[in-house]
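Chemist: Following the hints, complete the assembly by docking chain B onto the known chain A.
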Amino acid sequence: MSTELRIGSELRSAPRPMTRERMRWYVDAQATVAADNGRIATQDPTIHDDDDYAKKQGLPGIIADGMISTNWIMGLLLDAFGADFARKGKLRTKYIAPIHENQIVISCARLTSIEKASEGDTAFHFDVWCEDDSQVKLTVGEALVYSSRR
Amino acid sequence: MATGRYVSDLDRGDVLGPVEYTLSPFVVREYCHAVELHHEFFQGVENQIAPPTLIHLEKLRLYRHACPAGTGPSARVHVEYDATFYEPVRVGEPLRVGGKVTDRYLKRGRDYVQIDMELRSAMDGRLLVTYRDTVILSYQPKEAAA
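Protein chains in written order, with this note's numbering: chain A, 1 to 150; chain B, 151 to 296.
Hints should not be assumed to be uniformly reliable.
[Claimed, not checked] Below, in silico cross-link-like pairs of lysine-lysine (DSSO-like), each with a Cα-Cα straight-line distance of 27 Å or less: (1) LYS250(B) / LYS292(B); (2) LYS88(A) / LYS257(B); (3) LYS55(A) / LYS250(B); (4) LYS56(A) / LYS94(A); (5) LYS257(B) / LYS137(A); (6) LYS55(A) / LYS90(A); (7) LYS94(A) / LYS209(B); (8) LYS56(A) / LYS257(B); (9) LYS292(B) / LYS88(A); (10) LYS88(A) / LYS56(A); (11) LYS292(B) / LYS90(A); (12) LYS90(A) / LYS137(A); (13) LYS292(B) / LYS257(B); (14) LYS250(B) / LYS56(A); (15) LYS55(A) / LYS209(B); (16) LYS88(A) / LYS250(B); (17) LYS250(B) / LYS90(A); (18) LYS209(B) / LYS257(B); (19) LYS94(A) / LYS250(B); (20) LYS55(A) / LYS94(A).
By construction, these hints were calculated from the structure, which means they are not laboratory data. Predicted model, so just to flag it, every value in this text is computed and none were measured.
Chain B extracted, bound-state conformation:
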């Protein structure tokens, strides 16, 4: 297991979470404001839902939980977002997110890490969103950084 320290330590098979939390109206509005999603179903007051893209920040929630020492020596670069949304994520609903490192591999001198995540209702276990996140752990290839 490579959890407990840096994100850059993560390796295939590592389990992240689960973590339970509730999305506040504030964080959904602020996130949507930042990415210019000015739709009333995100920014309004009644029946507010979260954009399925917000699950990417739930990965950071899992990182903070599983890797409390932080990122590691280099900045990560996001490579791919791949999400399936099954039901709306409602603001105020208790949620549970968990993930697993499904792959870590070297390609053209760069370390790739792939994480599969599930976001479920914490009340009844309904599957809301699945997400596959792929990052490289450093923009600089290993030979260039050496």
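So here's chain A without its partners, still in its complex pose:
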């Protein structure tokens, strides 16, 4: 992490459109992880990859699985802190609005407090969220990162 973080500092990702393909990659990952046979697996239609099925479930069309935005927030903090954040910490994300096909998503984190932790680590507390290109929040939550960085 080359930039010094202060209370109020914000990390922001580049805008990413939530394409149909990004939604389907996650759907396929679920089946692929379950099969674990070295090949890409697929599954029955879901609300994340089949418009007709999504409409039958009361949605206007496919929506993104919330875990995509959770992972994009995770990636933002991993970019800043490296593997430290995958080893120890906390992450909570709540999906407050559906993310539709091609909607722009920006992952964000704002540092709210810093404190000394055990073993020489520093604890960084963040508010985290994903917003669209109109700054409408789609996902909200908090993160706690333990890092040897100060």
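Modeler: Chain B in isolation, oriented as in the chain A frame:
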């Protein structure tokens, strides 16, 4: 007990698992590729670890174990991910995951189900990740679906 059939049958107090398994390098790379976590500690060969978000798919592992008939009449919608990671989850390490349905409640016509899970090393019982997952069992409120 409401296990043994559909996920939509699950109710407060139901115990899911435990299930023992090992994460392969393949599944960690594929998962991280799908969610664009292109970091070498996930995608590489040596000292590979798993992202703590992968525990959400371990919930699906518990579903398959406890609810072999599948989802039920409607698609679930994920509401909240809430995880604490205590130690890295290392690829190849034997793991044990278990969960419990801690709440099921109706809010604005929708059924909410909350599951608390623990992921531990199957070798020595070390706690690696705890996870609270909240879903709604159907996007459509009950009165709209009726």
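Chemist: Return the numbers of the hints above that this structure violates; sort them in rising order.
Modeler: 2, 3, 6, 9, 10, 11, 14
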